[in-house]
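Trainee: Each chain, letter by letter, is given below.
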Amino acid sequence: MAATPKPRVKIPKSASAGEVITLKTLISHEMESGQRKDKDGNTIPRKIINKFTCEFNGQTVFACDLDPAISANPYFEFSAKVPESGTFKFTWVDDDGSEYTEEQSIEVS
Amino acid sequence: MTLTRRRVLALTAGAAALPVLQLLPGQAFASPEDVEKQISEFAGGKEPQTGKISLNTPEIAENGNTVPVSIEVDSAMTGDDMVESVMILADGNPLPSVATFHFTALSGTAAATTRMRLAKTQNVIALARMADGSVYMDKKEVKVTIGGCGG
Amino acid sequence: MKRYSLMAGAAFCLAVTGMAIWTAAADPVDETLEIDGVPMTTRAPAPEGHPFDEVLSGWLFREAETRATQEDTFENPGMIAVEEGAEIWNTVEGSAGKSCASCHDDAAVSMKDVGAHYPKWDADSGKPLNVELRIDKCRVENMGAEAYKFDQPEQKALTAFIKHQSLGTPVELDLSEGDMQTWWDRGKETYYTRTGQLNMACATCHEGAMGHYIRADHLSQGQVNGFPTYRFNTGGLVSLHNRFRGCIRDTRAEFPAAFSDELMALEVYVTWRGTGLSVETPAVRQ
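Protein chains in written order, with this note's numbering: chain W, 1 to 109; chain C, 1 to 151; chain S, 1 to 286.
Quick caveat, the hints were computed from the structure, so don't treat them as lab data.
Heads up, simulated DSSO-like pairs for lysine-lysine below, C-alpha to C-alpha not over 27 Å straight-line:
hint	chain 1	residue 1	chain 2	residue 2
1	S	K149	W	K39
2	C	K37	W	K51
3	C	K139	C	K37
4	S	K120	S	K188
5	W	K81	C	K52
6	S	K149	S	K127
7	C	K120	W	K47
Which residues of chain W face chain S? A partial, calculated answer using Cβ under 7 Å:
hint	residue
8	K10
9	K24
10	S28
11	N73
A virtual CB, placed ideally from N, CA and C, is assigned to each residue, including glycine.
Take these sequences, add in the hints, and give me the full structure.
Mentor: Okay, structure coming up:
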């Protein structure tokens, strides 16, 4: 179950044009730091989400490069200025190359 | 929470008495040079100034595995008054880098929150690089406590 | 519970620890827990025969950032497991071709408030069952599936999902059913029995030293109304019996098996000690 990271995103359903809204994201991921050892003394290989991006209608809103010091189940809270109705696309990039994405639309009046 | 002298003494006495938690064996921590190097690379050689950026962390973290960290940079986020990136460092971790945030005009504000791991009591440093190349810095010490109950 | 003889070193250790425990104290915070704006009962008048006048949720003993994480179900990472539990609820497993939902339909209706009244007497098995054992009984008898292994992720997720359907509901056990009172008595005996090299009982910390510090841990009443609980320490859910075993291990005693009669009796008694507190599953702790 823990094998497939599951993204969660919380954004308002609607906003007025030009409003600055708060976005929250969380993804289930162990964020194995590469600093830990197993019980036989071997280093457990690093496996983290190393990049997170948020786009609105194809344009970057916010991005983050993550290092192993980010806690398990990475959480981000940030803001976006929404000029028009559209779709947010959230992407998390794993060390193994996998990408996890989530999309949510917002109605702007 | 306020950290009273009395409480610090109690924590220390307790720590000596009940070594239940295992510390990570043989862990190397970042050197001051590593931290300096990262700051200077991010700042493009410029000397970071104080002001503009505020870093918010708890004074005492109940558990070093999950410590909330927020930054906010005073910027209009339009025209020339833009924040490009904010880098967070923890100077006492095995690797000092924690995260680097990148902002755009669509960010609206240069503010973000995440959760980080701190291996021990140490300084957390936040650096903001503005579009004009100037760099601002804020720094907070976070005391990381080791609880008595690992269960 | 197996009891080790007290060695000289341990006696010294306990003496020093005792000093540490009783030098620092702090009151639980005077705050109100609202989860997504819904108020929880974190202070309740204690039931008759309880050693305290008021029962207090462990939430009141945590630091601001830990408390804040529990106030928003989005920010609470324990909710990831609850969502996984919802998927398990709807997943067909076993030879009978059934899921939980095949019989119990919508958990928001069928499981509402249910978890607040567990452990519950089960006449078939002649003992109290907690949510984990009740799930296993359903799996084996009705679904033709295997019982979960202790603490396998599915067990924690489904238990958390079911208990979460009682979020806010006050804990209340029916001790008049079957032999519940006998199990309560037995659990009480365990609660007050000193054990391990450190010679500590549950009551040593959670009654005698409640509100004081053990190293940097602010000792609570040891309430169980938020289990399974998300812990920052492990970045995942911790089950109640895992917590019991962890506490007993910290006294340096051998710990009983999860769901053994001894720990089930303890669960009955400790759950009763939190009578009136809202179910907070999944609570967030350090």
